[in-house]
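A.B. asks: The whole structure should be built from the sequences, with the hints applied where relevant.
Chain by chain, the residues:
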Amino acid sequence: MAKILIIEDDPLMSRMYQKIFTFEKHEVEVAGNGVEGLAKVTAFQPTIVLVDVMMPEMNGLQVLEKLKSDQATKAIPVVMLTNLAGQQDAETALAKGAVKYIVKSEHEPKEVADMVEEIIAGYTRNAIPSAAA
Amino acid sequence: MRHPILEKASQLSLRTKLLIGTLVIIGMLVAFGLYLFSHLNTVHDSFLQLNTRYARQKSVLTLELENRQLSSDIRTYVINHDVNLETKYNLTSSALNSTLQQLKSTSENAQEKKVLIDYENVASKLQGTELLILSKVRENDATQARNLLDLDYEARQSQAAQYLTDLINDESTDVSNMISTNSRLVNNTELGLFLALVLLIGVVGVSVQLFTRNLVRSVSDLNKVAVQFTLGNLTARVITKRKDELGHLAQEFNTMAVQIKKYYSQLEQERTRLLASINNLSIGFLMTFIDTKTLSYNPALAKILDVSDESPMSLELLHEKIKGYDLNAAIANCQKTNTPFVNQEASYNNRILNISGAPITLSNHQMLGTVVLVEDVTEAKIQERSKDEFFSIASHELRTPLTSIKGNTSMILQYYPDVMKDPQLKEMIDDVHDSSVRLIEIVNDFLDLSRLEQSKVTFIYEPVSTEEIAENVAYEMKTVLDEKHIRINLDKMTLDATPKVWADKNRLKQVFYNLIGNAAKFTEKGSITVSAETVGNYVKVLITDSGRGMSPEAQQLLFHKFQQAGGSLLTRDTAKGTGLGLYISKMIVENMGGSIKLERSEVGKGSTFSFTVSIDTPERRAQTKQFENQIDTTTGLSTKT
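Residue numbers (our numbering), protein chains in the order written: chain A, 108 to 240; chain Y, 114 to 754.
These are computed hints drawn from the structure, not numbers from a lab.
Where hints are given, some of them may not hold.
[Claimed, not checked] Covered by chain Y, per the in silico footprint, the following chain A stretches (three or more residues, Cβ under 8 Å):
#1 110–123
#2 214–227
[To be verified] In silico DSSO-like pairs for lysine-lysine, Cα to Cα no more than 27 Å straight-line:
#3 Y/539 to A/126
#4 A/173 to A/110
#5 A/126 to Y/618
#6 A/217 to Y/653
#7 Y/534 to A/132
#8 A/217 to Y/597
#9 Y/634 to Y/653
#10 A/203 to A/110
#11 Y/597 to Y/634
#12 Y/591 to A/217
#13 Y/618 to Y/605
The beta carbon of each residue, even a glycine, is placed where N, CA and C say it ideally should be.
C.D. replies: The following block contains the structure:
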């Protein structure tokens, strides 16, 4: 049972992930953009934050930076979600402090939930996901 | 119209004219000389004649003297009876006679001759008388002797004297006539010579004048035309009717002028064409020259760099205008090292320019300057970027809804077991889920393919062990293969024996996946064998299956897009993928410098596919270094964000 904050601008995606984590019995909070997301981090104090990379105004990497530079939030693990399977972006994200970089289209929601639980359990940092085969 | 003779004359060559002129002058001088000579001769002759006359006069005078002498002698003799005088008289008398004879014989004048004869007569009578006197004296008859000196004798003496006087007077007259004739002659000669000289000088002077003036005029005409020509009037020509050397010179000049004009026109035309082509280029063209600090550039460049006519371009301005890129330094370096340079993305005024420059050298390696081409590639870059963006947007936009479909259906299947008890409903949701999975695959394939085709894919090379990859893939595909009861054999010995290859690990894996996957798809049961061998600078990987095999017709279709070994469009087995797999593998293998092909296939027996990869060598590493670009492998986005 963890508190999961999902920062995702696409309602399709945010609804989907909200469901899976709810089905897996976690407390889920959703934010539609970076600014709202950062506010909710402070308010909600999640166990883990899932951030979509491609968002208007403030993109996922920028949110990541903000979170990692803020003393209050830098301990919270951040997972990047995206549909761009970019090697470089993944590396950048991980370099900036993200714990994982997940390509949404490659995993079933359950797999994602499993990965998140694993992270929560041990803060494991996995290898960069490989490009679509 | 000039007289035909003059016409002819003017056409003679200069040399001939000079020759003729010289001959004429010589002739005139000769004539002059002859004239002089003959006149002098005449004068000489007349002087000779004068001399004769003078001699004659002298003779006559002598005669007179002698006569008087005789006379006086006789008188003296008569008085003195000097015997010596007789001798003297005889001498004188013979002298007189001889003189007289001489005068007579040399007389040219009848009149004179007559007088001389008359005198002779008188003289002989006188001599007779004198002889008589002599004898009388000898006889000492002085009185008789004295009587003989009578009036007759005196009268004869006077007559004789008169004759002589006449002679002398005649002579004198003759002489004075002759003298006056001579002096007239001399005067005439002097006048004649003077006139002749004047004439000579006149003729020579005038003809030389005319000749040289004619010459000078022609030369000066030529000169004028030459000056005109030099000043730029290339149509200037010499007009001449001369046919002599100057005429030839004029013609040659004209011919030369025509040639020069022709060459100049050609040059001008070429220059115009060249200039026109440069000026009409839509690409900016700039030239710098080593010797002058000036720049030349075409209108396109001015337009691209916003150069106005008021502030024309200079090197300083150039430096200023292109921020972040020191064009001047690039140009200087280019000239120093004699190498070209290029900056594909210079930013300027919100536009993107592709700047490339090269040194301008002559064939003798002399460096003249630099030529720089500046192209506004903003549109192209925008298009490129929009293509880049298209890929990323397409991948994102397509995948998002597909992910939603896949994720939601999967969650339905998983978390609504009660509802899923309905087999129809479950099947439907399954189908939807499967469809989304397939769609995602297709989208991935399409995007991958597009990027590969456009070479927007960068291969990250490293030393890779084919054995390792084969093992990974075999492991990852275990489940699928087990399901189909297909065994996979990795020929460890051969795989191990081959050296490491220089390839993109992920992409290589992709090829393995594709070929092994295909093998699995086309094999109902049996095995798949993966082996390798070294061929030259490559490692050849072979994947053999014991599946259906392919007919020759089907083999033709391999490696083409969307072709499945099934034949017609309608017999597509859409369950077996999009048909892009082999094509994508081909692209990957070829992009990495290798080749892929069907080694053999037999219907009912199976097929063997093979592909080659470069062995990890320093040469191959060097080759691929050039192709390294900072482009993301899968999104095609430039990593320079």
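A.B. asks: Sort out which numbered hints this structure fails and list those numbers smallest first.
C.D. replies: Hints 5, 6 not satisfied by this model.
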